[in-house]
Amino acid sequence: MKIKTRDFGEISVGEEDIIRFIGGIYGFDDYRDYIILKDSPEDDIMFLQSVENMELSFVLVDPYAIFIDYKPSLPIEDLHDLKVNREEELKYLVIAIINENIKESVVNLKSPIAINPNDKIAKQVILQNSYPLRYNIVSTEEGKKC
Amino acid sequence: MLVIKRKVSESILIGDDIEIIISEIDQDKVKIAIDAPLEIKITRKELAETYEFNKIASEKINKTSLSDVKNKLKGSKKEK
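Those protein sequence lines, which keep their order, are chains A and B. The first sequence maps to residues 10 to 155 in my numbering. The second sequence maps to residues -1 to 78 in my numbering.
Since the hints were made in silico from the structure, they are not lab data. Backbone N, C-alpha and C define an ideal beta-carbon position, used for all residues, glycine too. Don't take every hint at face value.
Below, computed lysine-lysine pairings styled on DSBU-like, alpha-carbon distance capped at 30 angstroms [as the list claims (entries may be wrong)]:
no., chain 1, residue 1, chain 2, residue 2
1, A, Lys47, A, Lys13
2, A, Lys129, B, Lys68
3, B, Lys68, A, Lys13
4, B, Lys72, A, Lys112
5, A, Lys100, A, Lys11
6, B, Lys58, A, Lys47
7, A, Lys80, B, Lys53
8, B, Lys58, A, Lys11
9, B, Lys43, A, Lys80
10, A, Lys100, B, Lys61
11, A, Lys112, B, Lys43
12, B, Lys68, A, Lys80
13, A, Lys80, B, Lys29
14, B, Lys43, A, Lys92
15, B, Lys70, A, Lys47
16, B, Lys70, A, Lys80
17, B, Lys68, A, Lys47
18, B, Lys58, A, Lys100
Between beta-carbon pairs, the in silico distance windows are [to be verified]:
no., chain 1, residue 1, chain 2, residue 2, range
19, A, Arg29, B, Val28, 33 to 43 angstroms
20, B, Ile2, A, Glu24, 49 to 59 angstroms
21, A, Lys80, B, Ile20, 25 to 35 angstroms
22, A, Lys80, B, Glu17, 32 to 42 angstroms
23, A, Asp38, B, Lys3, 33 to 43 angstroms
24, A, Val147, B, Val1, 34 to 44 angstroms
25, A, Ile27, B, Lys58, 20 to 30 angstroms
26, A, His89, B, Thr41, 14 to 24 angstroms
27, B, Ser9, A, Arg143, 26 to 36 angstroms
28, B, Pro35, A, Asp48, 46 to 56 angstroms
29, A, Phe17, B, Asp14, 48 to 58 angstroms
Required output: the full structure, derived from the provided sequences and hints.
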């Protein structure tokens, strides 16, 4: 099927590329189906494009590119919703705010997008870890810890 | 900021009709019961902040800023 995207024009996607959100992304409950788009396969930055609304797109970042020790701990209900038993079975991507001033570009480590890659379902979860909700993508001081 | 010490089952009152009861304490977690009128909105702070974050994150981005971030990430990867 063909879909219109905000940043990549019209593209064709397969049914298997679509990730369905359980409960939507907080504040955007009306939209459930998304695809992940990248400029090139090795990129740590990607787009989460809504299939239903071409104007709706988020920038996602692989958290491990920024914070190596990222170890999400999910409430048990979220694991159930995502049909897994353990956190390790899920993939995690974090939503970014990209600011013109690179030092003010941040990611939300507290509420990542957790994806069950087998069932193609996802949910924005609020972790039990005390990770910051606004974490600088470019650390101002090296070795900065959460 | 007002700081008060409370034990399990003790409570505090905010105004005349909001009561916050400490119901359970377990190491670094505390279970709180809140008794308040229906019109009072009660939200976990991180949830409210996530809504706000998502709203800003959904705004159209500047391509140049995005490539800046991308290049920085690539750079920091090489250093490792």
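Lys72 of chain B and Lys112 of chain A were given as a pair; does the straight-line alpha-carbon distance stay at or below 30 angstroms? Since the Cα atoms of Lys72 of chain B and Lys112 of chain A sit roughly 16 angstroms apart, the hinted pair holds (cutoff 30 angstroms).
So does His89 of chain A sit 14 to 24 angstroms from Thr41 of chain B, Cβ to Cβ? 23 angstroms, holds
30 angstroms Cα cutoff - pair Lys58 of chain B, Lys100 of chain A: With a Cα-Cα distance of about 25 angstroms, the restraint between Lys58 of chain B and Lys100 of chain A holds, given a limit of 30 angstroms.
Does the beta carbon distance between Val147 of chain A and Val1 of chain B stay inside 34 to 44 angstroms, or does it fall outside?
36 angstroms, holds
Pairwise hint evaluation, Lys80 of chain A against Lys70 of chain B, where the allowed Cα distance is 30 angstroms at most
23 angstroms, holds
Do the beta carbons of Pro35 of chain B and Asp48 of chain A sit within 46 to 56 angstroms of each other? 51 angstroms, holds
inquiry  = Hint check: Lys43 of chain B vs Lys92 of chain A, CA-CA at most 30 angstroms. Holds or violated?
reply    = 27 angstroms, holds
| Regarding Arg29 of chain A and Val28 of chain B, is the given constraint of 33 to 43 angstroms on their beta-carbon distance met? | Given range 33 to 43 angstroms: holds, Cβ gap about 35 angstroms.
Notebook entry, point to check: So the hint says 20 to 30 angstroms: do the beta-carbon atoms of Ile27 of chain A and Lys58 of chain B match that?
Noted result: 23 angstroms, holds
Q. Given a hinted range of 49 to 59 angstroms, is it respected by the beta-carbon distance of Ile2 of chain B and Glu24 of chain A?
A. Holds: the Cβ-Cβ distance is about 56 angstroms, inside 49 to 59 angstroms.
- prompt: Do Lys80 of chain A and Ile20 of chain B keep their Cβ atoms within the hinted range of 25 to 35 angstroms?
  reply: 30 angstroms, holds
Query raised in the report: Has the given pair, Lys80 of chain A with Lys53 of chain B, been kept, meaning a C-alpha gap of at most 30 angstroms?
Result: Holds: Lys80 of chain A and Lys53 of chain B sit about 25 angstroms apart, inside 30 angstroms.
Of the numbered hints given earlier, the model fails none.
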